[in-house]
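Asker: If you want the building blocks of each chain, they are given just below.
2 protein chains.
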Amino acid sequence: MGRTAPDLVITGARLLSTYTDRVLPEREVWVAAGRVAAVKPAGTARTLFSGRAGDFEVQDVRGGLIAPGLVDPHVHIESSMMTACAYAEAALLNGTTTVFCDSHEIANVCDAAGVEWMLRDARRAPLNIFLTVPSTVPATSSRYETAGGDLTPDKIGALFDRWPEAVALGEKMDFVQVAAGDRRSHAILAQALRRGRPVCGHIYGREYVAAGAASGITDTHEAIDREIADDFLENGAWVFLRGGNPATPWHSLPEAIKAVTELGASPKRVCVCTDDRDADDLLLFGMDWVVRQARDAGFSLPLAWSAGSLHPAERYGLDGELGGVAPGRRADLVLLGDDLVPRSTWYGGVRVVRDRRVTAPLEAALSRRYVYPKKAYSTVRLPVVTGPLRPELPAAAVVANVIRVATPGIVLRHERLRLEPAADWNEHLRRHDLCFVAVLERHGKTGGIAHGLLQNFGLREGAVASTVGHDAHNLIVAGLDEADMRLAVETLRALRGGVCVVRRGRVVASVALPVAGLLSDERAPVVARQTTKMKKAWAAAGCTLPYMGFNLIPLSVIPDIRITDRGLVTVPGMETPPLFEPAG
Amino acid sequence: MGRTAPDLVITGARLLSTYTDRVLPEREVWVAAGRVAAVKPAGTARTLFSGRAGDFEVQDVRGGLIAPGLVDPHVHIESSMMTACAYAEAALLNGTTTVFCDSHEIANVCDAAGVEWMLRDARRAPLNIFLTVPSTVPATSSRYETAGGDLTPDKIGALFDRWPEAVALGEKMDFVQVAAGDRRSHAILAQALRRGRPVCGHIYGREYVAAGAASGITDTHEAIDREIADDFLENGAWVFLRGGNPATPWHSLPEAIKAVTELGASPKRVCVCTDDRDADDLLLFGMDWVVRQARDAGFSLPLAWSAGSLHPAERYGLDGELGGVAPGRRADLVLLGDDLVPRSTWYGGVRVVRDRRVTAPLEAALSRRYVYPKKAYSTVRLPVVTGPLRPELPAAAVVANVIRVATPGIVLRHERLRLEPAADWNEHLRRHDLCFVAVLERHGKTGGIAHGLLQNFGLREGAVASTVGHDAHNLIVAGLDEADMRLAVETLRALRGGVCVVRRGRVVASVALPVAGLLSDERAPVVARQTTKMKKAWAAAGCTLPYMGFNLIPLSVIPDIRITDRGLVTVPGMETPPLFEPAG
Numbered sequence: 044m045g046r047t048a049p050d051l052v053i054t055g056a057r058l059l060s061t062y063t064d065r066v067l068p069e070r071e072v073w074v075a076a077g078r079v080a081a082v083k084p085a086g087t088a089r090t091l092f093s094g095r096a097g098d099f100e101v102q103d104v105r106g107g108l109i110a111p112g113l114v115d116p117h118v119h120i121e122s123s124m125m126t127a128c129a130y131a132e133a134a135l136l137n138g139t140t141t142v143f144c145d146s147h148e149i150a151n152v153c154d155a156a157g158v159e160w161m162l163r164d165a166r167r168a169p170l171n172i173f174l175t176v177p178s179t180v181p182a183t184s185s186r187y188e189t190a191g192g193d194l195t196p197d198k199i200g201a202l203f204d205r206w207p208e209a210v211a212l213g214e215k216m217d218f219v220q221v222a223a224g225d226r227r228s229h230a231i232l233a234q235a236l237r238r239g240r241p242v243c244g245h246i247y248g249r250e251y252v253a254a255g256a257a258s259g260i261t262d263t264h265e266a267i268d269r270e271i272a273d274d275f276l277e278n279g280a281w282v283f284l285r286g287g288n289p290a291t292p293w294h295s296l297p298e299a300i301k302a303v304t305e306l307g308a309s310p311k312r313v314c315v316c317t318d319d320r321d322a323d324d325l326l327l328f329g330m331d332w333v334v335r336q337a338r339d340a341g342f343s344l345p346l347a348w349s350a351g352s353l354h355p356a357e358r359y360g361l362d363g364e365l366g367g368v369a370p371g372r373r374a375d376l377v378l379l380g381d382d383l384v385p386r387s388t389w390y391g392g393v394r395v396v397r398d399r400r401v402t403a404p405l406e407a408a409l410s411r412r413y414v415y416p417k418k419a420y421s422t423v424r425l426p427v428v429t430g431p432l433r434p435e436l437p438a439a440a441v442v443a444n445v446i447r448v449a450t451p452g453i454v455l456r457h458e459r460l461r462l463e464p465a466a467d468w469n470e471h472l473r474r475h476d477l478c479f480v481a482v483l484e485r486h487g488k489t490g491g492i493a494h495g496l497l498q499n500f501g502l503r504e505g506a507v508a509s510t511v512g513h514d515a516h517n518l519i520v521a522g523l524d525e526a527d528m529r530l531a532v533e534t535l536r537a538l539r540g541g542v543c544v545v546r547r548g549r550v551v552a553s554v555a556l557p558v559a560g561l562l563s564d565e566r567a568p569v570v571a572r573q574t575t576k577m578k579k580a581w582a583a584a585g586c587t588l589p590y591m592g593f594n595l596i597p598l599s600v601i602p603d604i605r606i607t608d609r610g611l612v613t614v615p616g617m618e619t620p621p622l623f624e625p626a627g
Numbered sequence: 044m045g046r047t048a049p050d051l052v053i054t055g056a057r058l059l060s061t062y063t064d065r066v067l068p069e070r071e072v073w074v075a076a077g078r079v080a081a082v083k084p085a086g087t088a089r090t091l092f093s094g095r096a097g098d099f100e101v102q103d104v105r106g107g108l109i110a111p112g113l114v115d116p117h118v119h120i121e122s123s124m125m126t127a128c129a130y131a132e133a134a135l136l137n138g139t140t141t142v143f144c145d146s147h148e149i150a151n152v153c154d155a156a157g158v159e160w161m162l163r164d165a166r167r168a169p170l171n172i173f174l175t176v177p178s179t180v181p182a183t184s185s186r187y188e189t190a191g192g193d194l195t196p197d198k199i200g201a202l203f204d205r206w207p208e209a210v211a212l213g214e215k216m217d218f219v220q221v222a223a224g225d226r227r228s229h230a231i232l233a234q235a236l237r238r239g240r241p242v243c244g245h246i247y248g249r250e251y252v253a254a255g256a257a258s259g260i261t262d263t264h265e266a267i268d269r270e271i272a273d274d275f276l277e278n279g280a281w282v283f284l285r286g287g288n289p290a291t292p293w294h295s296l297p298e299a300i301k302a303v304t305e306l307g308a309s310p311k312r313v314c315v316c317t318d319d320r321d322a323d324d325l326l327l328f329g330m331d332w333v334v335r336q337a338r339d340a341g342f343s344l345p346l347a348w349s350a351g352s353l354h355p356a357e358r359y360g361l362d363g364e365l366g367g368v369a370p371g372r373r374a375d376l377v378l379l380g381d382d383l384v385p386r387s388t389w390y391g392g393v394r395v396v397r398d399r400r401v402t403a404p405l406e407a408a409l410s411r412r413y414v415y416p417k418k419a420y421s422t423v424r425l426p427v428v429t430g431p432l433r434p435e436l437p438a439a440a441v442v443a444n445v446i447r448v449a450t451p452g453i454v455l456r457h458e459r460l461r462l463e464p465a466a467d468w469n470e471h472l473r474r475h476d477l478c479f480v481a482v483l484e485r486h487g488k489t490g491g492i493a494h495g496l497l498q499n500f501g502l503r504e505g506a507v508a509s510t511v512g513h514d515a516h517n518l519i520v521a522g523l524d525e526a527d528m529r530l531a532v533e534t535l536r537a538l539r540g541g542v543c544v545v546r547r548g549r550v551v552a553s554v555a556l557p558v559a560g561l562l563s564d565e566r567a568p569v570v571a572r573q574t575t576k577m578k579k580a581w582a583a584a585g586c587t588l589p590y591m592g593f594n595l596i597p598l599s600v601i602p603d604i605r606i607t608d609r610g611l612v613t614v615p616g617m618e619t620p621p622l623f624e625p626a627g
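Protein sequence lines correspond, in order, to chains A and B.
One rule links them: number in the working numbering = place in the first sequence (from 1) + 43.
One rule links them: number in the working numbering = place in the second sequence (from 1) + 43.
In case anyone wonders, no lab produced these hints; they're calculated from the structure.
Do not take every clue at face value.
Each pair may be met inside one copy or between any two copies, as identical chains are not told apart.
Stated by the list, open to error - Lysine to aspartate or glutamate pairs mimicking EDC-like chemistry, simulated, CA-CA at most 20 angstroms apart:
(1) Lys-576 - Asp-50
(2) Lys-83 - Glu-270
(3) Lys-83 - Glu-250
(4) Lys-198 - Asp-564
(5) Lys-301 - Asp-339
What you are looking at is a predicted structure, and each value in this text was computed from that prediction instead of being measured.
Hey, can you work out the whole structure from these sequences and the hints?
Answerer: Right under this line is the structure:
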């Protein structure tokens, strides 16, 4: 009612209203107990409570725009290689105060326990982190790969019941099985639907859109062009336009947004999201950057911000809490320039970023980051490597089932390559632009090692390796040299997980990821620096696939051919050819 | 996927898309198991399954528009004086397939049991009926009036837990108490908020908007002009534009919609609703009429329909089920002309209205209407009337506290009228344009009778009476003649509740409302006919207040003065003056 003074008054900025998609003249936001108490014309508090200046704090922010904190409707924190607490720092610097996180990477390694560790991490983080419960762990089955986790329908139900943060079912990745009526897939969908929880989607291909909708899926972040975006909207899905480093194939926003700007669809059910981000890309191409991409593509300034705040809150039914500057909402606020670049961020009424720098209260919070249990630090249980990491040299002529890299790098081509007998491997490698690839089971279950050949990967010498081999997260190593490949493997064993680039017997770059073999336990700037250095070494080694693309080589749900710890597998045929077949 | 034939194909109409606010070229809707299976270009099924014509039904609806059934976000079914099953018929004729109903009238009479009877009625009705749990029963307290119900916070919590239909807390009418931090009011709000359920509002006055929002209220249907509508939107509330018989003050849509059409607010959080409707007005001014009003005020044709379908579904987080024509949604559909007049309605894939007529399946459903328990038929427990219904004639000069009717009829003025001694009442009545009014406690609790005087009510002779005296629903009778007043009371006693018009010892019109003294147990056309006849007699008697306005005379939460079974009460002062005070 404006009868008593609030704790804090943030005064003088214009208001970016996500409720009405307008910019309103100078306002002030009254904050009490971490929430917005009222929004008034600028100067109201000073006039009303003129004799009581000491009763409340005033922060003068004239000249800018005040807006609600950004709400990212779909993100995998693990992709940043950071813990939730560390991720919070990067997010807040970008004006993001809420994320809906699908922690299916750690679930693939540590099962439901990993999801719960991450939820504890999330509760400690100075960021609103909601869970979209991982729905497709493992991505396929133990017939094709060895994963650490197996989220059954019952375990998923239990996560919903134990964690109020679990507000939706995460992207249902096995859309082909969903469309085919697979029993386990639908039992998992039912866990969400019977609790009235929304279901997030992951669908490639217009022919699957209606079947997904009929199965209860109500969003997508995979609309890659205007036609499929339009299809999704007409099939009742909220469309999350995904923006990301334009050097990657994940930056689909500019095409998908044309469903609105060219085909005339209403933007009311359109959001923006990040999905996956390296630590350094997160600082360069965060949610704020994606919002600016939407503006550049034709959305009005307030509408672009709404698509990154109120609309995602509405999608999850949390618009009473988040996504707008109104009484009763969390005081999660951002001060922007007219360029939509965040200058300062408030989280629950506390200024955590000021003039693009972390403030003392945030420093304090980040010094108290969640510590993962010991078990999380011992997930990389590799076999003792006794035999070679490269394949045996064929003694006779063979046809090799080779994985050929093709840009943009998601789909991998299946090449059947005739190899004549040769004196050593070098001749084959040079002639066919090949390198060795191996996947080592790392969950301590089978100790299996699978061998393969990569074509057009571009590696000039040495080896690269990673324990973030999607989705089962076995260790993948590629190289031209047996000794360097070994060194790469032993380096990651010693680091308890990570990624490294090795050249001539030397580790030239590495990022230690000791938590589940997926996450660093350092703060965001440290991880970003290490990642930048590693990516430079990676590119210098000549790799045509970026690090994140390399990690997808074992992902047995994307065409045409992949390699897991169990060997080669073709998609969607799901056949398991040997590396070498007798030449016909 | 379109691989197997559906049960039913509705083909040839253009599609009104509420998801993108566009009209799409000719489509066909495939229906299976009562839900939309797919939406395809018209003619697809005939081509795909050409050899299997008998496998599925085809309904050709060329020339029209197919749209989702309307979703009314705020309605009191009791205002129609019909049961839920009977209400369904009128709703379906109007293209409405879902309502969010606040049954606070029957709660005021029968407590939680009444709400539960109505929920059972709703489950039997061929209409999606959700409950917004009555939040303010009684409207004030036993100090001011005697009600039959008392919905405590615990009872409200139990309704949420027992009934999945209970998706929100109904309009919190005591907005002054809410703003003042009243303990019981906030305990009731907490029942919804802690379950993640939205809270509906009822606020008059711009100074209460922010306080309501801060208390968790996230909608309004009481925005009466563009400025307060704009305030509500900026305070994060969904705005339900209320349309109704333009002869009543409830038709606030044309002014409130100007927040969008003149002030430039986005319409994305704007809905339309009906709130209260007589049975006959429901057939004339239903949701479809309100949607057309929004179109006439400047909304595009698809946006107007969205405001009456998808937007309300989104407001309650049910857009995965309702509000659009997409796979997985209920096959609740309407066939419209370009004039937005519904021609045919499908409910769960069954055509229930065809060319504006009830079909055989609906006839069958309506013949199996829910029967309320015996207890519901014995709620009008009036005292034996021994004394007069008119006040004692004052022997000396007095000041009378008179209730003066003023148009538009919601607010009643407090008139202090000096009465000199007179030979009989007739002289006073004629000179001051007065009539008698009495309220009789009818819950069998106190047997109390309160007397008062009405000014400018216009009644020329006889009496009118009703057991629908908001919100405690005691019997209210007004008249010029003691005998006619008695006859009116005894008529309603015999009918076990209702409304009647009496003239010169004869009942000229009546509607029997034996269920809780609020509802007829007849079907919609019967109740509409009886209501029309009663309203004609009512107007012929000269009454300046319509029937529905008359029912509000005992509503002790609207200014300036009201009369309940306990006597006169002023609002908002909440004083209880006597009818006569000694003249000074």
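Asker: If a hint holds in the structure, say so; if it doesn't, say that too.
Answerer: Hints, verified against the model:
Taking CA atoms no more than 20 angstroms apart as the test, Lys-576 paired with Asp-50 passes in neither setting, with 44 angstroms inside one copy and 60 angstroms between copies. When the C-alpha separation of Lys-83 and Glu-270 is checked against a cutoff of 20 angstroms, the pair qualifies only between copies, where the shortest distance is 15 angstroms, while the shortest distance within a copy is 43 angstroms. Taking the closest pair of Cα atoms, Lys-83 and Glu-250 come within 20 angstroms of each other only across two copies (12 angstroms); inside a single copy the shortest separation is 50 angstroms, beyond that limit. Proximity of Lys-198 and Asp-564 under a CA criterion of 20 angstroms is satisfied in neither setting, with 27 angstroms inside one chain copy and 49 angstroms between copies.
In the homo-oligomer, the alpha carbons of Lys-301 and Asp-339 lie at most 20 angstroms apart inside one protomer (12 angstroms), although the nearest pairing across protomers, at 30 angstroms, exceeds that limit.
Comparing the model with each earlier hint shows violations of hints 1 and 4; every other hint is respected.
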